[in-house]
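From first to last, the protein sequence lines stand for chains U and Y.
Residues in the first sequence are numbered from 1 upward in steps of one, following this note's numbering.
Residues in the second sequence are numbered from 1 upward in steps of one, following this note's numbering.
The hints are simulated quantities; they were obtained by calculation from the structure and are not laboratory data.
The beta-carbon is built from N, C-alpha and C at its ideal position, and this holds for glycine as well.
It is possible that some hints are incorrect.
[Said to hold, decoys possible] Pairwise CB distance ranges (calculated):
| # | chain 1 | residue 1 | chain 2 | residue 2 | range |
| --- | --- | --- | --- | --- | --- |
| 1 | Y | V18 | U | T83 | 23 to 31 Å |
| 2 | Y | L2 | U | E79 | 41 to 49 Å |
| 3 | Y | D126 | U | D106 | 19 to 27 Å |
| 4 | U | G110 | Y | E153 | 53 to 61 Å |
| 5 | U | P24 | Y | N204 | 20 to 28 Å |
[To be verified] Okay, derived cross-link-like pairs now, DSBU-like style, lysine-lysine, Cα gap no bigger than 35 Å in a straight line:
| # | chain 1 | residue 1 | chain 2 | residue 2 |
| --- | --- | --- | --- | --- |
| 6 | Y | K207 | U | K23 |
| 7 | Y | K321 | Y | K253 |
| 8 | Y | K296 | Y | K255 |
| 9 | Y | K253 | U | K118 |
| 10 | U | K118 | Y | K34 |
| 11 | Y | K255 | Y | K321 |
| 12 | Y | K34 | Y | K321 |
| 13 | U | K118 | Y | K239 |
| 14 | Y | K34 | U | K96 |
| 15 | U | K12 | U | K23 |
| 16 | Y | K34 | Y | K73 |
| 17 | Y | K34 | Y | K154 |
| 18 | Y | K239 | Y | K321 |
| 19 | U | K30 | Y | K253 |
| 20 | U | K90 | Y | K34 |
| 21 | Y | K10 | U | K90 |
| 22 | U | K118 | Y | K73 |
| 23 | Y | K321 | U | K118 |
| 24 | Y | K73 | U | K90 |
[Said to hold, decoys possible] Covered stretches of chain Y, as calculated for chain U (at least 3 residues, CB under 8 Å):
| # | region |
| --- | --- |
| 25 | 26-40 |
| 26 | 47-53 |
| 27 | 110-124 |
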Amino acid sequence: MNYFVFLVMALKYQAQLPGTPEKPCPSPTKHSPSNEVRMFRFMNQAATSSDFIPPAMLPNYTGDRNCDAYALSFFNSLEAAQTKMNSFSKTINAAKRYGTHIGEMDLAVGDGLVSRPKASGHVNLHQNEDVLFYDRTIVYHAHSRTPPAVSIAAPANGGSDDAP
Amino acid sequence: MLHRFPESYKATLRNLEVVRVLEQFDGVILAEYKAVGTGGLYLKKWCDSEGSVNRWLIVRSDYRVLARYLAGKVTMLELLTCIGDGGCFIVDEEASNQQIIETYFTRFNELPHLYLPEDGTYHDEDLRPYWTMSPQSFLVGSDWDVGIFAGIEKRYMEVSSFAYFTMPGAQRRLPADILNYYYDGGFAVGIAYRRIRKSVPQSNRVKSAGVIASSPGVLTMDVPAELANHVATVISALKENIDNYKILHSWSKLKPEASARVPEDAMSDLLNLCEGLSVDIEAIFPQPTELVPNPKSDKRYILAAGKLIAAHCRRLWEVLKPGPTVEYVSIKTEAEESEIPDEVYDSDDSDVD
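For reference, chain U alone in the conformation it holds in the complex (with noise of 0.2 Å):
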C-alpha cells in the first residue's frame, strides 16, 4: 500500500478521529485505499444520505467513539448481511436500527479507506471527504423471509424501468 496515498486523502470525518501519531486513526496496517469491489450495507430503501452516516454522527449514539465509531458498516458478501440481520432481527427491532433493506453497491477508488474483513464478512469504510453513497444502491434485498430483492439500477440507453 502506498503509505504517501493513504496520508493525503481527506476523511470526511477527519476533524473528529480520535487517533494520534502514535496510534493513527484509522490504522494504515489495517486498512486499504478501496478499490472496486460489490459490497452491502444494512439501509432503508429508497436510501437517503442519513443512511450513510458513521454511528458516531449520530444524535442517538451512546457508543465509545473509537476509530471504527466514524466508519461506515459494510459486508462483503449478501449472505453475511443476510446473516447478521437475522440475527439482529431476533434480539432487537433491527429496522428501525438499522435500517429495512440490505443494499448492494459497488465501491471505488477514491470513496475511501477500508479495513480488512472481519470472519464475520464485516469491514469498515472510513469514506472520503467528497463521496456520496446514498444514489448508488443498485439493488435493495428485504430481510430474509420477506418479498424477493428490487432492482433500481436505471436502464442503459432510456429503455423501459425495471418493475418489482
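For this one, chain U is given, so just place chain Y on it according to the hints.
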C-alpha cells in the same frame, strides 16, 4: 414514536455504573452494569430510539447466568429474565448526556415486540467490543468451601503466568536459573511457580474480579485478553496431547540425582509436548554460557524442563476440571472425567502451601 406505557415510575432508580459493553454494532446493544454500593448485576438492552433519545430495558441479572451467557451456554432471554418476578424497568435516556427523561416499571408480558429477544438467541462473540481484559469464570456448586476458590485462583494464575513467558511469539523467557532449582518433589515446583508468578509485570497479571460467595457461587478473574485466548487454545489441545504427556512423564518423574537415566531422545519428547501445548521451548532453556555451553544437551536441564512442562500440563487439566462441582464456564472445551489421565493426580506436584 416510542411505545407509551400507562404510568411512569416515580421513585429514583438505583445508581448504576457501567462495567462493560457486552454486545455492540454501530452502537451499544447490551451492556453490563453494577449497582453502586451493593455491586448487584444489572443489564441494559437497547429497545428503541426516537431522535436523540434511546430507550433501554434494565433488569437485574445473575453473575453465574452472565458467565454462562458469554460462554454461549444460555440464551439472551434466559439472561434477561432469570431474576425477579417478571418485572423490569424501561428507561428513556438522552444520548448526549445519558440524562434519564422517563422511567417506567412494567412486566415482561406487557413489553412490545423485541424489547425482549426471541428465545434461542445466544451471545454473538463477533459483537463483543475489544476487551483488554477477558473475564474468566468458574461456577462452584453449593458444597463449596473457601479452599476451592483459593485453589482455582492459584492454579489459573500459575498456568497463565507460565503461558505469559512461554507463548510462541512473545519472545520472553522464564526467569533466569529457573532450571537450576533442585526439583525433588512438589516443593521445588511450587517455589518455581511462585517465582514465575511474581516475575509477571503487574499490568499483565491475572486479577481476581470478584467472588460471589453465595450457594452456588461464582469466581471471576480478569485476564489480559490475549493471554486468556492463549490459555483457552492450549486447554482445548490437552486431550490430543495425553499421549505426549504420558511419554514425557515416564522420565520427567525421575529424581534429579538420576538425571543420567533421562533417555537420549528426551528432547524430542519435550519438543512434542511443547509444540502440542503451544510452549516456546526457547523460553524455558537458559541462554548458553561458558559453564553450560549447550543447555539442551545437558540432561539435568532437560529433566528440569520436563518436570516444569509436565507440571504445566497437569495444572492445565486442573483448570479445565477443577473439581466435581466446579465448572470452568468461560471455556468451550468439555472434559469428561474419564479422559483425565491418572498421572494428573500424581504427587510430584503436591502443593507448597
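So, going through the hints one by one against the coordinates:
The supplied range of 23 to 31 Å is met by Y:V18 and U:T83, whose beta-carbon atoms lie about 29 Å from each other. Remark: the range hint 41 to 49 Å for Y:L2 to U:E79 is contradicted by a beta-carbon distance near 34 Å. One distance hint, 19 to 27 Å for the beta-carbon pair Y:D126 and U:D106, holds here, with the actual separation near 25 Å. About 54 Å separates the C-beta atoms of U:G110 and Y:E153, a value consistent with the hinted range of 53 to 61 Å.
Against the hinted window of 20 to 28 Å, the Cβ-Cβ separation of U:P24 and Y:N204 comes to about 25 Å, which satisfies the hint. With a C-alpha separation of about 27 Å, the suggested pair Y:K207 and U:K23 falls inside the 35 Å cut-off, and the hint holds. Note on Y:K321 and Y:K253: the hinted pairing holds, with a Cα-Cα distance of about 23 Å set against a maximum of 35 Å. In summary, the hint linking Y:K296 to Y:K255 is supported, as the alpha carbons are separated by about 18 Å, within the 35 Å threshold.
About 46 Å separates the Cα atoms of Y:K253 and U:K118, which puts this hinted pair outside 35 Å; it is violated. Between U:K118 and Y:K34 the alpha-carbon distance is near 31 Å, which keeps this suggested pair within the 35 Å criterion. Taken as a hint, the Y:K255 and Y:K321 pair is honoured in the structure, with Cα atoms around 28 Å apart against an allowance of 35 Å. The suggested pairing of Y:K34 with Y:K321 holds, with an alpha-carbon distance near 29 Å, which does not exceed 35 Å.
Between U:K118 and Y:K239, the direct Cα distance comes to roughly 30 Å. Compliance with the 35 Å bound is thereby established for this hinted pair. Straight-line distance between C-alpha atoms of Y:K34 and U:K96 comes to about 29 Å, which keeps the hinted pair within the 35 Å bound. For the proposed pair U:K12 and U:K23, the alpha carbon gap of about 19 Å is at most 35 Å, so the pair holds. For the given pair, Y:K34 sits about 22 Å from Y:K73 by alpha-carbon distance, which is consistent with the 35 Å threshold.
Restraint check for Y:K34 and Y:K154: satisfied, since their Cα atoms lie roughly 26 Å apart, inside the 35 Å limit. Between Y:K239 and Y:K321, the direct Cα distance comes to roughly 12 Å. Compliance with the 35 Å bound is thereby established for this hinted pair. A hinted pair counts as satisfied when its Cα atoms are at most 35 Å apart, and U:K30 with Y:K253 does not qualify at roughly 48 Å. About 26 Å separates the Cα atoms of U:K90 and Y:K34, which keeps this hinted pair within 35 Å; it holds.
Taking the CA atoms of Y:K10 and U:K90, the gap is near 32 Å; set against the 35 Å cutoff, the hint holds. Straight-line distance between C-alpha atoms of U:K118 and Y:K73 comes to about 24 Å, which keeps the hinted pair within the 35 Å bound. With a C-alpha separation of about 33 Å, the suggested pair Y:K321 and U:K118 falls inside the 35 Å cut-off, and the hint holds. Under the criterion of a C-alpha separation no larger than 35 Å, the hint pairing Y:K73 with U:K90 is consistent with the structure, at around 17 Å.
Only residues whose C-beta sits within less than 8 Å of a C-beta in chain U count toward coverage, and the region 26-40 of chain Y has 4 of them, enough to reach three; the restraint holds. Judged by the Cβ-Cβ criterion of 8 Å, the region 47-53 of chain Y is covered by chain U as claimed, because 6 of its residues qualify and three suffice. Check result for the region 110-124 of chain Y against chain U: holds, 7 residues qualifying (beta carbon to beta carbon below 8 Å, three or more required).
Hints 2, 9 and 19 from the earlier list are contradicted by this structure; the remaining hints agree with it.
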